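S.K.: Here are the chains, one letter per residue:
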Amino acid sequence: MNTTKYYFSFFVFLFVIISCKTEIIDEKDLKEPVIEFIIDSLEVDLNKADNHPVLAVVFSEVGLKQIDMYFVNKQGEEFYKTITKFFDKRKFSLREVISYDESVTGFKIVATDELGRSLTKTLDISSIPYQMPPTITFNIPEVKIDERKDDPIPETQITVKSSSSTFLDQVTVYLFSSSGSTLLLSENFEGLNDSIFQFSDTIPYKDGDRSLQVTAIDRYNKKTINSLPIKYSAIPPPAISNISSDVVIADVDENKEISFSISSETGIKEIVVLKCNSKGETQIEKFEYPDVKQLNFNTNITFDDQISSLKFLVSDKKGRSSELVIPTIIGFDYIENYTIGGQYYIRGFEQEPETRNIFSFKRMQTITMKEAYETIADADFHIYMYYGASGTDNGIRLNAWGQTTSPTQLGEVEFSDLLNGIPVANTWPNRNRTFFLQVTSAHGFNFDNATLKDLRDFVPTINKDRLTSVPLGESYLVKTAASSSVGSKIGIMKIESIEIPETVPYPHNFGSNYSVKKCARVKVSIKFPK
Amino acid sequence: MIALLLMSSCEELPLQKNYSYDGEQIELETGITAYEWIKKRSDKFSWMLEAIDYAEMSSYYMQDSVKYTFLVIDDVALERWANNNGALEITDLDKEKVKSLIKYHIIKGQYSAYDKQCPIEPSFVKTLLAGEDGLLTMHCVKSSFPIYNAADGPVITSGNIMINATYANGSSPQRSSVTSNIITTNGVIHTFSDYCFYKRDVNYIPLF
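Protein sequence lines correspond, in order, to chains A and B. Numbering (our numbering) for the first sequence: 1 to 530. Numbering (our numbering) for the second sequence: 1 to 208.
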C-alpha cells in the first residue's frame with residue numbers, strides 16, 4: 001500500500017514538472033562585464049579647477065558584484081576604492097572626481113560580475129603641469145626723488161613674462177598717490193600669443209605718489225601683482241602766515257593795507273594779486289622777486305564796489321604755488337551768524353537779551369516789540385515760526401513787519417503787550433512792507449560773491465512780503481520799504497543755521513500750550529548797503 | 001426622517017446593472033525595431049528619419065543584436081535646428097554635423113523607466129559620439145510632484161526621462177521627454193520636443 005502511495009506521488013511530481021514550461025538559462029553563456037570610458041583618454045590641466053572626472057559605464061549581463069579602482073602612476077598602482085552596491089547591477093554609471101597630480105598616468109577599473117569573472121580597463125591620463133603665474137620685474141628697486149638734491153626722474157622699465165606654456169592675457173599699470181589711483185596703462189593681449197611684455201618710459205612722478213602697481217594676468221587667469229615703491233621728497237610750497245585780516249570790511253574807494261609773511265625753501269618768484277567777484281578774476285598787481293626766501297609782504301589796495309574777495313597767488317622758483325583768499329565786504333553793513341528769535345522772543349527775555357524777533361536794517365540788529373512800537377519805521381521784518389508745519393515745510397516764514405499776505409498772523413496774542421500799552425501789531429500804522437526774493441543761480445551771484453554793484457544793478461522784481469518754509473543754506477534778496485528808516489535798498493541775507501529747542505526756554509505770559517517751535521532761533525548773515 | 005421616507009417612496013430607483021470587466025494587459029513592447037517605429041510615426045518624426053538616413057546611421061536603428069536607447073527628436077525641433085544652422089532641409093547640412101547629432105542621441109544600453117534600468121539621479125551614459133562633446137547625463141524623474149510651467153500649468157513628469165538635468169552636465173540645456181519608454185526589439189525610444197547637446201560652459205560653442 002505504501003509502495004503504491006510512493007509511486008502515485010512520484011507520478012504526480014513528474015506530471016507537475018513536465019507540465020511546467022521551463023526556460024533554463026545558463027548564466028555562463030551571458031557576456032562578461034564591459035567597461036566603456038565615456039571619454040577615452042583624459043588630458044587634465046593642473047592649472048584649471050574644472051577638469052573632467054573619470055567617467056565610465058560598466059555593463060554586466062550577469063550582474064555586477066564589485067568594481068575596484070586604482071590610480072596608476074609611475075611607481076605602479078595605488079588602490080583608490082571599491083564599490084559593491086549598485087542601483088542596477090547590470091549597468092553602472094561611474095563618476096569619480098579625483099584629485100589629479102602630475103604623477104597620475106592612468107585610472108584602472110576592475111569590474112567583477114556575480115560569476116567572479118573580471119574585466120580590467122585603464123583610462124590613460126596625461127596632464128599639463130602646474131604653471132607659475134607671470135613674473136613682473138622692475139629695472140630699479142624703488143623710485144627715489146629728492147627735490148632738494150635736484151634728483152632727476154628716473155626711467156621706469158617694467159618686464160612681464162608668462163610661464164613657458166602659456167601667454168599673457170592682460171597687463172595694467174596704476175600709479176597710486178595720496179589722492180587716489182590713476183590708470184597709466186592697460187594692455188590686452190587677447191588674440192595675441194605674447195609671453196613677454198616690456199615697458200619703458202619716464203613717468204612724471206610728483207609729490208604724493210606712493211607706488212607704481214603692475215598687475216599681470218595670463219591665459220590661465222593666474223595673476224601677479226608687484227609694486228614699485230616711490231619715495232618722493234618734495235620741497236613744500238610757499239608758506240603764508242601772519243595775515244593782517246581774515247576779512248576786509250571797507251567803504252567804497254577806501255584804501256587799506258593788506259599784509260602777510262611768506263617763506264619759501266627754494267625762493268619766492270612772484271606774487272600775483274587778483275580782484276575777484278561774481279564775474280571772475282582780474283589781476284590788479286604783480287610783484288617779482290630775484291632771490292628772496294623770507295618776505296613780509298604788504299600792499300595798499302583801493303577797494304571799489306565790484307570786489308567780493310582778494311586772491312594772492314604766491315609762486316616759488318620750482319613752480320609750486322600757494323593761494324591766499326581774503327573775503328571783502330565793501331560798502332556794506334555786515335553781520336555774520338546773527339541770531340533772530342521766533343515770535344516767542346518778541347518782548348525780549350532777561351536771560352537771553354541778545355535774541356529778539358524783529359530785525360531793523362537801520363540798527364543792523366534785532367529789536368523788541370516795545371522798541372519797534374516806539375519807532376515803527378525801524379522794524380523791517382521778523383521771523384514767524386508756524387508751529388503746525390509738517391512734511392517738507394520747516395515752519396520758518398520770512399515776514400515783512402508790514403506784510404499783507406497773511407494779515408491775521410500779526411493779530412495773534414504774542415504780537416501785543418496790552419499791560420505795557422502796546423496794541424496788537426496788525427493795528428499799528430505805517431508798518432514797513434519789506435520784500436524778499438530767493439537768490440538762484442540765474443541771478444549770477446551768491447551771498448559770498450555779491451558786490452554792492454550787483455545789488456544796485458539788480459533788475460528783477462522783488463515783491464513777496466512773506467516767504468514760507470525758508471530752508472537752511474539759502475540766500476535771499478531783501479528790499480526794504482520806502483517807509484523804512486533806511487529807505488528803499490536791496491541787501492542780501494543767508495540762513496546759516498536753524499535751532500529749535502526741545503522745551504520752552506523761559507517762563508512767559510503768552511498763555512498755555514505755547515509751542516516750542518515758536519522759540520526757534522535762526523542765525524543769519526546779512527550784507528546791506530550803507 | 002419622515003420627509004426622507006416620503007421622498008424615497010416617490011420613485012423606485014433601478015438597481016445597478018452588472019457588467020463584466022474585460023481586463024487587457026498594457027502592451028509595453030512594440031515588437032518592431034526603432035527604425036520601423038520612427039517610420040511608422042512619420043507624421044511626427046519624418047525629419048528624424050531623414051536625418052538618420054542622411055547620416056548613414058540607420059543600421060543602429062534597424063539591427064536587433066545590441067540594445068540602445070534612442071532619443072528621437074520631433075519634426076518641429078529638427079526643422080528649427082536645421083534653420084538655426086542656415087539650412088532649410090536636413091540634407092542641406094554638412095553630413096558630419098548631422099552624424100554628430102544622431103550619434104549624440106544614441107546611448108549604449110537600454111535605459112527605460114522599467115525594471116530599474118534608468119538611474120533616478122543624473123548619471124553619465126555612453127553615447128556614440130566620442131570625446132567631450134559626447135558627454136550626456138540622463139535620469140528617470142521619480143518625483144510625484146508636478147512641474148509647473150507658464151504654458152501648461154502643472155505637468156506630471158513622473159517617469160519622464162530627463163537629459164542633461166540643470167547643472168548636472170556643465171551648461172548643457174535640460175531636456176525632458178515628451179513620450180518615453182517605448183520598447184522596441186533593439187532597445188527603447190524616448191521622444192523629445194527639442195534636441196540635446198553638450199555645452200561645457202556659457203562660452204562653449206557646441207559641436208552641432
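In case anyone wonders, no lab produced these hints; they're calculated from the structure. Computed from a predicted model, the values in this text were never measured in an experiment. Hints may be right or wrong, so weigh each one.
20 Å max Cα-Cα, derived SDA-like pairs, lysine to any residue [said to hold, decoys possible]:
| # | chain 1 | residue 1 | chain 2 | residue 2 |
| --- | --- | --- | --- | --- |
| 1 | B | Lys108 | A | Leu123 |
| 2 | B | Lys44 | B | Thr179 |
| 3 | A | Lys517 | A | Lys317 |
| 4 | B | Lys116 | A | Asn300 |
| 5 | A | Lys85 | B | Arg80 |
| 6 | A | Lys223 | A | Ile284 |
| 7 | B | Lys44 | B | Lys67 |
| 8 | A | Lys31 | B | Gln63 |
| 9 | B | Lys108 | A | Lys517 |
| 10 | A | Lys89 | B | Lys67 |
| 11 | B | Lys67 | A | Val34 |
| 12 | A | Lys89 | B | Tyr167 |
| 13 | A | Lys453 | A | Asp333 |
| 14 | B | Lys67 | A | Arg90 |
| 15 | B | Lys108 | A | Lys317 |
| 16 | B | Lys142 | A | Phe87 |
| 17 | A | Lys317 | A | Pro290 |
| 18 | A | Lys48 | B | Gly86 |
| 19 | A | Lys31 | B | Val66 |
| 20 | B | Lys67 | A | Thr392 |
| 21 | B | Lys108 | A | Lys453 |
| 22 | A | Lys31 | B | Arg80 |
| 23 | A | Lys31 | B | Gln117 |
Label-pair distances were calculated between CB atoms; the ranges are [said to hold, decoys possible]:
| # | chain 1 | residue 1 | chain 2 | residue 2 | range |
| --- | --- | --- | --- | --- | --- |
| 24 | B | Ser42 | A | Ser99 | 24 to 32 Å |
| 25 | B | Gly31 | A | Ser103 | 30 to 38 Å |
| 26 | A | Lys89 | B | Val66 | 33 to 41 Å |
| 27 | A | Lys89 | B | Gly86 | 40 to 48 Å |
| 28 | A | Asn221 | B | Ser42 | 25 to 33 Å |
| 29 | B | Gly31 | A | Ser99 | 15 to 23 Å |
| 30 | A | Pro53 | B | Ser42 | 48 to 56 Å |
Here a beta-carbon is modelled for each residue, glycine too, at the ideal position from N, C-alpha and C.
S.K.: In this structure, is the beta-carbon distance linking Gly31/B and Ser99/A contained in 15 to 23 Å?
M.R.: violated (50 Å)
S.K.: For the pair we were handed, Lys67/B and Arg90/A, check the Cα-Cα distance against 20 Å.
M.R.: holds (13 Å)
S.K.: Are the Cα positions of Lys67/B and Thr392/A separated by 20 Å at most?
M.R.: The hint is violated at about 79 Å.
S.K.: Does the alpha-carbon distance linking Lys116/B and Asn300/A stay inside the 20 Å limit?
M.R.: Not OK: Lys116/B and Asn300/A at ~105 Å, beyond 20 Å, violated.
S.K.: Against the 20 Å threshold, does the CA-CA distance of Lys108/B and Lys517/A hold or violate the hint?
M.R.: violated (87 Å)
S.K.: Given the hinted pair Lys89/A and Tyr167/B, is their Cα-Cα distance within 20 Å?
M.R.: Not satisfied, since the Cα-Cα distance of roughly 26 Å exceeds 20 Å.
S.K.: Next pair to validate is Lys31/A with Gln117/B; report whether the Cα-Cα distance is within 20 Å.
M.R.: With a Cα-Cα distance of about 18 Å, the restraint between Lys31/A and Gln117/B holds, given a limit of 20 Å.
S.K.: Could you grab the alpha-carbon distance between Lys142/B and Phe87/A and see if it respects the 20 Å cut-off?
M.R.: holds (14 Å)
S.K.: Given the hint that Lys223/A pairs with Ile284/A, test it: the Cα-Cα distance must not exceed 20 Å.
M.R.: violated (57 Å)
S.K.: I want to verify a distance hint. Is the separation of the beta carbons of Lys89/A and Val66/B within 33 to 41 Å?
M.R.: violated (20 Å)
S.K.: Within a Cα-Cα threshold of 20 Å, do Lys317/A and Pro290/A meet the stated pairing?
M.R.: Holds, at roughly 9 Å.
S.K.: Is the Cα-Cα distance between Lys31/A and Arg80/B 20 Å or less?
M.R.: violated (42 Å)
Violated hints, listed in ascending order, are 3, 4, 5, 6, 7, 9, 12, 15, 18, 20, 21, 22, 24, 25, 26, 28, 29 and 30; each of the other numbered hints is respected by the structure.
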